[in-house]
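*Asks:* When the letters of the sequence shown are read in order and numbered with the UniProt record's numbering, they come out as residues 1 to 793.
Please keep in mind that the hints were generated in silico from the structure rather than gathered at the bench.
Any given hint could turn out to be false.
To be verified - 16 Å max Cα-Cα, derived EDC-like pairs, lysine to aspartate or glutamate:
no.	residue 1	residue 2
1	Lys191	Asp242
2	Lys478	Asp614
3	Lys660	Asp455
4	Lys277	Asp524
5	Lys256	Asp242
6	Lys567	Asp518
7	Lys577	Glu494
8	Lys253	Glu544
9	Lys536	Glu494
10	Lys567	Glu544
To be verified - Derived DEER-like restraints, expressed as beta-carbon distance ranges:
no.	residue 1	residue 2	range
11	Glu515	Pro143	47 to 57 Å
12	Lys210	Glu515	31 to 41 Å
13	Pro424	Asn53	28 to 38 Å
14	Thr628	Ile392	57 to 67 Å
15	Glu544	Ser151	44 to 54 Å
From the three backbone atoms N, C-alpha and C, an ideal C-beta is built for every residue, glycine too.
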Amino acid sequence: MIKNYISIAWRNLAKNRKSAFINITGLAMGMAVFMLIALWIWDGLSYNHYHKNYERIGQITQTQLWNGEFFSGVAIPLPLGEELKTNYGDHLKYVVMASWEGPHVLSNGDKQLSHNGIYMDVDGPNMLTLDILAGHINGLGDPNSIMLAESTAKAFFGDVDPLNQLLKIDQKLDVRVTAVYKDLPYNTTFKDLKFIAPWSLYLTSESWLKNAATQWGNNSFQCFAQIPDGATFDGVNAAIADAKLNKVSDEDKRFKARLILHPMDDWHLRNDWKNGKVAGGLIEYVYLFAIIGGFVLILACINFMNLSTARSERRAKEVGIRKTVGSPKRLLIAQFLSESALIANIAFVLALLLVIVALPWFNELADKRMTIPWTNGWFWGAGLVFTLLTGIVAGSYPAFYLSSFNPLNVLKGTFKAGRAASLPRKVLVVVQFTISLALIIGTLIVFRQIQYTKDRPTGYNRERLMMVQMITPDFYGKFEVLRHALKEKNLIVEMAESSSPLTSVWSNSGGFDWEGKDPDLSTDFATIWVTHEYGKTIDWHIEEGRDFSREFSTDSAALIINQAAVKFMGLKDPLGKTVQWSGMDFRIIGIVNDVVMSSPFSPVKQAVYLLNGDANWINIRLNPQLSTGACVAGIEQVFKEVIPNAPFDYKFADTEYAAKFAYEERIGQLATVFALLAIAISCLGVFGLASFVAEQRTKEIGIRKVVGASVFQLWKLLSIDFVVLVLISCLIASPATYYALNNWLQKYAYRTAVPWWIFAVAIGGALILTVLVVSFQTVRAARSNPVQSLRDE
Numbered sequence: 001m002i003k004n005y006i007s008i009a010w011r012n013l014a015k016n017r018k019s020a021f022i023n024i025t026g027l028a029m030g031m032a033v034f035m036l037i038a039l040w041i042w043d044g045l046s047y048n049h050y051h052k053n054y055e056r057i058g059q060i061t062q063t064q065l066w067n068g069e070f071f072s073g074v075a076i077p078l079p080l081g082e083e084l085k086t087n088y089g090d091h092l093k094y095v096v097m098a099s100w101e102g103p104h105v106l107s108n109g110d111k112q113l114s115h116n117g118i119y120m121d122v123d124g125p126n127m128l129t130l131d132i133l134a135g136h137i138n139g140l141g142d143p144n145s146i147m148l149a150e151s152t153a154k155a156f157f158g159d160v161d162p163l164n165q166l167l168k169i170d171q172k173l174d175v176r177v178t179a180v181y182k183d184l185p186y187n188t189t190f191k192d193l194k195f196i197a198p199w200s201l202y203l204t205s206e207s208w209l210k211n212a213a214t215q216w217g218n219n220s221f222q223c224f225a226q227i228p229d230g231a232t233f234d235g236v237n238a239a240i241a242d243a244k245l246n247k248v249s250d251e252d253k254r255f256k257a258r259l260i261l262h263p264m265d266d267w268h269l270r271n272d273w274k275n276g277k278v279a280g281g282l283i284e285y286v287y288l289f290a291i292i293g294g295f296v297l298i299l300a301c302i303n304f305m306n307l308s309t310a311r312s313e314r315r316a317k318e319v320g321i322r323k324t325v326g327s328p329k330r331l332l333i334a335q336f337l338s339e340s341a342l343i344a345n346i347a348f349v350l351a352l353l354l355v356i357v358a359l360p361w362f363n364e365l366a367d368k369r370m371t372i373p374w375t376n377g378w379f380w381g382a383g384l385v386f387t388l389l390t391g392i393v394a395g396s397y398p399a400f401y402l403s404s405f406n407p408l409n410v411l412k413g414t415f416k417a418g419r420a421a422s423l424p425r426k427v428l429v430v431v432q433f434t435i436s437l438a439l440i441i442g443t444l445i446v447f448r449q450i451q452y453t454k455d456r457p458t459g460y461n462r463e464r465l466m467m468v469q470m471i472t473p474d475f476y477g478k479f480e481v482l483r484h485a486l487k488e489k490n491l492i493v494e495m496a497e498s499s500s501p502l503t504s505v506w507s508n509s510g511g512f513d514w515e516g517k518d519p520d521l522s523t524d525f526a527t528i529w530v531t532h533e534y535g536k537t538i539d540w541h542i543e544e545g546r547d548f549s550r551e552f553s554t555d556s557a558a559l560i561i562n563q564a565a566v567k568f569m570g571l572k573d574p575l576g577k578t579v580q581w582s583g584m585d586f587r588i589i590g591i592v593n594d595v596v597m598s599s600p601f602s603p604v605k606q607a608v609y610l611l612n613g614d615a616n617w618i619n620i621r622l623n624p625q626l627s628t629g630a631c632v633a634g635i636e637q638v639f640k641e642v643i644p645n646a647p648f649d650y651k652f653a654d655t656e657y658a659a660k661f662a663y664e665e666r667i668g669q670l671a672t673v674f675a676l677l678a679i680a681i682s683c684l685g686v687f688g689l690a691s692f693v694a695e696q697r698t699k700e701i702g703i704r705k706v707v708g709a710s711v712f713q714l715w716k717l718l719s720i721d722f723v724v725l726v727l728i729s730c731l732i733a734s735p736a737t738y739y740a741l742n743n744w745l746q747k748y749a750y751r752t753a754v755p756w757w758i759f760a761v762a763i764g765g766a767l768i769l770t771v772l773v774v775s776f777q778t779v780r781a782a783r784s785n786p787v788q789s790l791r792d793e
């Protein structure tokens, strides 16, 4: 029976090659898009699954009340780690204190390399289940040890055994290699981790860390933890919630600090917090692309349904005869479903080929390293189920529709199957173009939002602005020498030091007070230490007052604040006002425009700029009269002369700022590709339907031509229905898309409007494309010889 079904199905495919080609191509495109999106979604959902204990690992996150709203962050005070280890050990298997991952200089003799590393408690490698290639997983037990990633070990020692080799961290800490671990994959939070050093060594590396051991208000560290087998995150969170609150001063209890162990499985996709609770994150894009993938596959299935029912008149006699000789309806349904299953299987094979070809390009576009899991049984099982479901969904309506024909009407010749199915077909075409238009409009708005934010005034000039991080102590005390040498060689306009890079804030401080301050107002300012020429170097704009100047010795106790700070402090005339902080009085000498340092999609935070302090970055404005390459080469030469043992690792402000949009741009590009494919699939279906309509009305066209109808009149006759359907799609898609996009844009503090012309462009484009696709068939039909079509009349 099954063999007979397949034989008939194959014969029908061979007989109707054009519709078979359109059906298979459309389904293959839809299935390929769905599979690519499924790979992308699985890559996101499996993030951090490399770590065997990912379901039990979490990061300590603290939530505090600031001015009526709870804010959450992973920065915690140093004594909290010991508190959790000592008094909450029953609830936590591992408590791992850690520094922030960042670039450090490793050196072995004359060889220096910059690598990302972290200082971590001895249990860290065990918790992360690192794959140890040499040495021991407890290698951090030695306070002067270091664990290297395989790539780092090879970079330093080649094929020589790296164990017990000596290295120096940041030119100041001597360590011995005690273990080598396999490099972590790209889809883990710790993917760039090239070395791990002991937490105990870190605590002795800087003088300020000694005081931090008792400071519950110094949130400068991070902490990871693993819960025991059988424990739940909800249970652990209930136990540790007040661990910090119970230790802070009575004055600080007003911040209502609460601890949460945020599961590792949520770090990547559910990392946005609002009012103390997880409020989404990248998971929203997972949902979005799951919907897009489903929609694109539905579009392909609609093509199959439409073309199958459109050509049902050709199968009507077959159905009538089968029913007359006693074939039950269920066997007819089984036959038609077997045909759709055959098409779905052929389409699946073609879709796999398309995925193989497209995956390298797709990986580059999505910044991923996804592969097809050929050896995974679950993959093939899912592929089989996916193909069967696609075949059933695509073939169900045609199967039930065709099997419902009345054999008496069919054999009498009074049944017109194509007309009976015209309304459902029109509805499905409207659904197709509604989905396609929504995707196109949504994509245009995404790119408009990105461009709108890119065009946002940043408050400084990003062009030709270099940033050099002072990683090692070799930089200290050399700034003025560098500045003098670079200016003497005319390589720079100006340079200045700062505690934070221009594209992020490294330090936030509270405890500020001023006259007229609301006693209930909790202060939290971005705090940036700078040198005198900072403003001139970054080219900011002083709105009121003046910039820092070497001519005023009193500027050591001066403040420059941004416009956001003026608003936050509620000052009407801020110049000359005194601000108390850290036991000192500071006088406001200038108001600067808001400098965008953090997310360009968020409001600029209130900020204070102070002179001197601890600097971590050198900012350099290149000479515009010289090429960038010449400037960089000259600056590097001067650096090597003045600080021969320090690495010259630099970044450009414009590149770092552009990187803030990278993820959104990738999402926009992916959405564009899928939206265009959706349109292509829809047009493929319209092409097939137009071909069928032209073929069905061949005799009518011939008669009209004989009685004098022009090509234009015939084109209009055959095209008008499709144009009307697209216009109906526009009427449905426009308000629905406007509502959805307006809601989506609310998440951005700095957002674009939804202009009318976006809809006009999308609608106009859809109409033009539809007319072009339909015209290919209708014009050919209108220009055909009427003698051929009327020969049988």
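*Asks:* Decide, hint by hint, whether the structure agrees.
*Replies:* A quick look at each hint next to the structure:
1. Lys191 - Asp242: Not OK: Lys191 and Asp242 at ~32 Å, beyond 16 Å, violated.
2. Lys478 - Asp614: 14 Å, holds
3. Lys660 - Asp455: Holds - the C-alpha atoms of Asp455 and Lys660 are around 13 Å apart, at most 16 Å.
4. Lys277 - Asp524: Roughly 20 Å between the alpha carbons, so the hint for Lys277 and Asp524 is violated.
5. Lys256 - Asp242: Holds. Lys256 to Asp242 sits at ~9 Å (cutoff 16 Å).
6. Lys567 - Asp518: Since the Cα atoms of Lys567 and Asp518 sit roughly 13 Å apart, the hinted pair holds (cutoff 16 Å).
7. Lys577 - Glu494: The given pair, whose Cα atoms are some 30 Å apart, is violated under the 16 Å limit.
8. Lys253 - Glu544: 38 Å, violated
9. Lys536 - Glu494: Distance of about 7 Å is within 16 Å: holds.
10. Lys567 - Glu544: 14 Å, holds
11. Glu515 - Pro143: 47 to 57 Å: Holds: the Cβ-Cβ distance is about 49 Å, inside 47 to 57 Å.
12. Lys210 - Glu515: 31 to 41 Å: Holds - the Cβ-Cβ distance for Lys210 and Glu515, about 35 Å, lies within 31 to 41 Å.
13. Pro424 - Asn53: 28 to 38 Å: At 53 Å between Cβs, range violated.
14. Thr628 - Ile392: 57 to 67 Å: 60 Å, holds
15. Glu544 - Ser151: 44 to 54 Å: Holds: the Cβ-Cβ distance is about 52 Å, inside 44 to 54 Å.
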